[in-house]
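Protein chains in written order, with the numbering used here: chain A, 4 to 416; chain B, 4 to 416.
Hints were generated in silico from the structure; no laboratory data involved.
Fair warning: there could be bad hints in the mix.
Which copy? The list can't say, so a pair holds if one copy fits it or any two copies do.
Below, in silico cross-link-like pairs of lysine-lysine (DSBU-like), each with a Cα-Cα straight-line distance of 30 angstroms or less [said to hold, decoys possible]:
(1) K409 <-> K288
(2) K39 <-> K375
(3) K409 <-> K376
(4) K409 <-> K375
(5) K59 <-> K346
(6) K346 <-> K102
(7) K109 <-> K78
(8) K131 <-> K375
(9) K341 <-> K59
(10) K346 <-> K71
(11) K131 <-> K346
(12) K71 <-> K39
(13) K33 <-> K131
(14) K39 <-> K131
(15) K39 <-> K409
(16) K33 <-> K375
(17) K78 <-> K131
(18) K409 <-> K131
(19) K71 <-> K341
(20) K33 <-> K376
(21) K131 <-> K376
Quantities reported herein were computed from a predicted structural model and do not represent experimental measurements.
In case you want the letters, here they are:
Number of protein chains: 2
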Amino acid sequence: MCKETDFNTISGGVCAAQGFRAAGLHVGVKTHNTSKKDLGLIVSDVPCTAAAMFTKNVVKAAPIHVTKAHLAQGKVRAIIANSGNANACAPQGEENAEKMCAAAAKAIGCTPEEVLVASTGVIGQTLKVDVIENGVPELYGLLEHSAAGSDGAAHAIMTTDTVKKEFAGEVIIGGKEVHIGGIAKGSGMIHPNMGTMLCFITTDCAISQEMLQEALQEVVHTTFNRISVDGDTSTNDTCCILANGMASNKEITEKNDNYVDFVMKLHEICYLLARSMAKDGEGAKHLITCTVRGAASEEQAETISKSVISSTLTKAAIFGCDANWGRVLCAMGYSGEKFDPEKVDVAFASDAGEILVCQQGRGLSFDEDLAKKILTEDEVDIEITMAEGDESCTCWGCDITYDYIKINGDYRT
Amino acid sequence: MCKETDFNTISGGVCAAQGFRAAGLHVGVKTHNTSKKDLGLIVSDVPCTAAAMFTKNVVKAAPIHVTKAHLAQGKVRAIIANSGNANACAPQGEENAEKMCAAAAKAIGCTPEEVLVASTGVIGQTLKVDVIENGVPELYGLLEHSAAGSDGAAHAIMTTDTVKKEFAGEVIIGGKEVHIGGIAKGSGMIHPNMGTMLCFITTDCAISQEMLQEALQEVVHTTFNRISVDGDTSTNDTCCILANGMASNKEITEKNDNYVDFVMKLHEICYLLARSMAKDGEGAKHLITCTVRGAASEEQAETISKSVISSTLTKAAIFGCDANWGRVLCAMGYSGEKFDPEKVDVAFASDAGEILVCQQGRGLSFDEDLAKKILTEDEVDIEITMAEGDESCTCWGCDITYDYIKINGDYRT
Numbered sequence: 004m005c006k007e008t009d010f011n012t013i014s015g016g017v018c019a020a021q022g023f024r025a026a027g028l029h030v031g032v033k034t035h036n037t038s039k040k041d042l043g044l045i046v047s048d049v050p051c052t053a054a055a056m057f058t059k060n061v062v063k064a065a066p067i068h069v070t071k072a073h074l075a076q077g078k079v080r081a082i083i084a085n086s087g088n089a090n091a092c093a094p095q096g097e098e099n100a101e102k103m104c105a106a107a108a109k110a111i112g113c114t115p116e117e118v119l120v121a122s123t124g125v126i127g128q129t130l131k132v133d134v135i136e137n138g139v140p141e142l143y144g145l146l147e148h149s150a151a152g153s154d155g156a157a158h159a160i161m162t163t164d165t166v167k168k169e170f171a172g173e174v175i176i177g178g179k180e181v182h183i184g185g186i187a188k189g190s191g192m193i194h195p196n197m198g199t200m201l202c203f204i205t206t207d208c209a210i211s212q213e214m215l216q217e218a219l220q221e222v223v224h225t226t227f228n229r230i231s232v233d234g235d236t237s238t239n240d241t242c243c244i245l246a247n248g249m250a251s252n253k254e255i256t257e258k259n260d261n262y263v264d265f266v267m268k269l270h271e272i273c274y275l276l277a278r279s280m281a282k283d284g285e286g287a288k289h290l291i292t293c294t295v296r297g298a299a300s301e302e303q304a305e306t307i308s309k310s311v312i313s314s315t316l317t318k319a320a321i322f323g324c325d326a327n328w329g330r331v332l333c334a335m336g337y338s339g340e341k342f343d344p345e346k347v348d349v350a351f352a353s354d355a356g357e358i359l360v361c362q363q364g365r366g367l368s369f370d371e372d373l374a375k376k377i378l379t380e381d382e383v384d385i386e387i388t389m390a391e392g393d394e395s396c397t398c399w400g401c402d403i404t405y406d407y408i409k410i411n412g413d414y415r416t
Numbered sequence: 004m005c006k007e008t009d010f011n012t013i014s015g016g017v018c019a020a021q022g023f024r025a026a027g028l029h030v031g032v033k034t035h036n037t038s039k040k041d042l043g044l045i046v047s048d049v050p051c052t053a054a055a056m057f058t059k060n061v062v063k064a065a066p067i068h069v070t071k072a073h074l075a076q077g078k079v080r081a082i083i084a085n086s087g088n089a090n091a092c093a094p095q096g097e098e099n100a101e102k103m104c105a106a107a108a109k110a111i112g113c114t115p116e117e118v119l120v121a122s123t124g125v126i127g128q129t130l131k132v133d134v135i136e137n138g139v140p141e142l143y144g145l146l147e148h149s150a151a152g153s154d155g156a157a158h159a160i161m162t163t164d165t166v167k168k169e170f171a172g173e174v175i176i177g178g179k180e181v182h183i184g185g186i187a188k189g190s191g192m193i194h195p196n197m198g199t200m201l202c203f204i205t206t207d208c209a210i211s212q213e214m215l216q217e218a219l220q221e222v223v224h225t226t227f228n229r230i231s232v233d234g235d236t237s238t239n240d241t242c243c244i245l246a247n248g249m250a251s252n253k254e255i256t257e258k259n260d261n262y263v264d265f266v267m268k269l270h271e272i273c274y275l276l277a278r279s280m281a282k283d284g285e286g287a288k289h290l291i292t293c294t295v296r297g298a299a300s301e302e303q304a305e306t307i308s309k310s311v312i313s314s315t316l317t318k319a320a321i322f323g324c325d326a327n328w329g330r331v332l333c334a335m336g337y338s339g340e341k342f343d344p345e346k347v348d349v350a351f352a353s354d355a356g357e358i359l360v361c362q363q364g365r366g367l368s369f370d371e372d373l374a375k376k377i378l379t380e381d382e383v384d385i386e387i388t389m390a391e392g393d394e395s396c397t398c399w400g401c402d403i404t405y406d407y408i409k410i411n412g413d414y415r416t
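Isolated chain A (complex conformation) (with noise of 0.2 angstroms):
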């Protein structure tokens, strides 16, 4: 089991690469409680490369539109996002959006078009435009190069987070330390398709939109989308990396040694963050690691794991620290992937121990007592062996709860 202490990180998070800004502020879209933020800005001093992901989801909120028209004008400034109002499906979407891009760029003092925009919250409620647009100046004015502003940041975008996900690293790219810090947010809805709910990355490497886009996709790929909180794909998901080259290093435009250092990194950055968007799952007790081996392709590890990691039965059966494997059989039976069942091995470990409790498709007889410790543990893993090939993949998801119910019952009044 991979844990955070495994990796390299040093504090920053989107203000860790040079030249970038950030701050958060409650400006009055969350109307209940008045400490929680709910703006956040983050701003580069010079022009950025920028690359993005979004939802695959056919619903797409209002901010979504208006980024993808922007980024599409060419070097960006800066992200503004606020959390508590979705901005999907609420009147007058695109025209707010746009509200807020330009709130910004006046602040800043650059174009529209060279701000992106998110939003986070409830679905189908018009945006309080007005609170964000009064609130845009003095949230200007904390903007800090320093840990505090992408904290900051990170915490503005939270809505039923109980952490801010929020990790940086530096790496040397061509004798020049490169920084790259990201911050994340979960925690409802969570069941990427080419990006996640929300994910600002920044970095001071050099690099070319083509490979900044290349890098972004393959990273995403095998973070992102690969955890699952409840199945439930939103309707916002974005995932976007600013580049301002401030650490001069050669700018990297082709896929040589530079590009792979780079990636390697940035793909340490948003796995610690989609990690840390599973493990703070809506509710979540249990942060479930799924790995399946011995897979005909990758691709079929990958959808064997994560219908493991979405099984509602799977879920609660973890949440219950009950070493139920059956339902682990059962979803990836019904996960459409063909597969040798009576070829399949199962074993429950974390930081307690490991323990095989289905060799060959059939159950052992095996210590309940020490499966019961081992599921106990915050961070369990299922390892799943197959007989079919040499490929395997790991996803990651989260139990359900008591709380998500709580939470998602009566989320919207």
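Given chain A, work out where chain B should sit, using these hints.
Showing chain B alone in chain A's frame:
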């Protein structure tokens, strides 16, 4: 909204048809509660034409393999079924399923191949087949051609079900009174794909095997395959029908008017059984009926409707009586179907009234008190209108509750 009371049903369940006897008994498969029946038997006085449909899960329980093989042999006299153990991924699975058939055959005086077998319960544990074998003679002695007999069998296949699922009806075919009756069990791991958890139907109609299989497929497709409790397709789904011809109608051998009359009545019984399974989903407090109108095709309407009733977030909102229609639109959007979200209307309805909450893809301001009142009813409709075409489809599901988590957090131990 269609209600149970809209239908003309009769009593008797699987004993409504002439020549069928049934019974249920506690023999000891369920060890925790000796008052709960765990073995059921349905016997026809004469050999029956039989048809069946099974789970599409790659991981299939042993009794499914055995039942398939027996069906291929021709006529059928009986069905034996236990609850408390699914006999799936369990040691000696097929051997034990065959032993169940042999025990029943011995009591009845037929061949083991004339007996079908089904199991439901925990996956992966060895079936205590000896207690079943020892119990069969007593069970056989309890067989009755009566409502009490069907009641016994209906209870014997229940696991976490809180109410028995049993319906019967009669229809005149070629001047003869034909009876159709069925029993079924839910209530978790329910997301049938070509069959349902367990459903046994008997009829005294004279009908060829080919027409019987055709009728069953047609009906299952629009009833059991349109419900979902938790998105988990079981390893044991089995729906079978026995037709003993004792109504003495002219045998149905082609798709004539008699066939249509038979299918209509069969549809009614299966509809009622399917609906009662959704309503009694594990821990459920609400039956959710989702109708999609104005779709380009019935398939599109079905895919979208199923996506909505399967959405964990929508289910949690209905549990909380929260008119969070944004989740309905979101679930439509990730269904995989293409449609114009700007032309979607959503309304909630129940015995307490009807309220339009989203028009042309945008939220309406609506009476929150009325919405809450509507959603507080046990049976709630989600009415979706699109502008893609003239096709429609209805699917049934239930809300997700604290009790679902409780039941499934500790099901096995």
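We went through each hint and held it up to the structure:
no.: 1; hint: K409 <-> K288; in the structure: both (14 angstroms within a copy, 14 angstroms between copies)
no.: 2; hint: K39 <-> K375; in the structure: between (38 angstroms within a copy, 28 angstroms between copies)
no.: 3; hint: K409 <-> K376; in the structure: both (27 angstroms within a copy, 19 angstroms between copies)
no.: 4; hint: K409 <-> K375; in the structure: both (26 angstroms within a copy, 17 angstroms between copies)
no.: 5; hint: K59 <-> K346; in the structure: between (35 angstroms within a copy, 19 angstroms between copies)
no.: 6; hint: K346 <-> K102; in the structure: between (58 angstroms within a copy, 25 angstroms between copies)
no.: 7; hint: K109 <-> K78; in the structure: within (17 angstroms within a copy, 81 angstroms between copies)
no.: 8; hint: K131 <-> K375; in the structure: between (49 angstroms within a copy, 24 angstroms between copies)
no.: 9; hint: K341 <-> K59; in the structure: both (26 angstroms within a copy, 11 angstroms between copies)
no.: 10; hint: K346 <-> K71; in the structure: between (46 angstroms within a copy, 22 angstroms between copies)
no.: 11; hint: K131 <-> K346; in the structure: between (57 angstroms within a copy, 24 angstroms between copies)
no.: 12; hint: K71 <-> K39; in the structure: within (28 angstroms within a copy, 60 angstroms between copies)
no.: 13; hint: K33 <-> K131; in the structure: within (10 angstroms within a copy, 58 angstroms between copies)
no.: 14; hint: K39 <-> K131; in the structure: within (16 angstroms within a copy, 57 angstroms between copies)
no.: 15; hint: K39 <-> K409; in the structure: within (20 angstroms within a copy, 32 angstroms between copies)
no.: 16; hint: K33 <-> K375; in the structure: between (41 angstroms within a copy, 22 angstroms between copies)
no.: 17; hint: K78 <-> K131; in the structure: within (28 angstroms within a copy, 69 angstroms between copies)
no.: 18; hint: K409 <-> K131; in the structure: within (27 angstroms within a copy, 39 angstroms between copies)
no.: 19; hint: K71 <-> K341; in the structure: between (38 angstroms within a copy, 20 angstroms between copies)
no.: 20; hint: K33 <-> K376; in the structure: between (41 angstroms within a copy, 26 angstroms between copies)
no.: 21; hint: K131 <-> K376; in the structure: between (49 angstroms within a copy, 28 angstroms between copies)
In summary, this structure violates none of the numbered hints.
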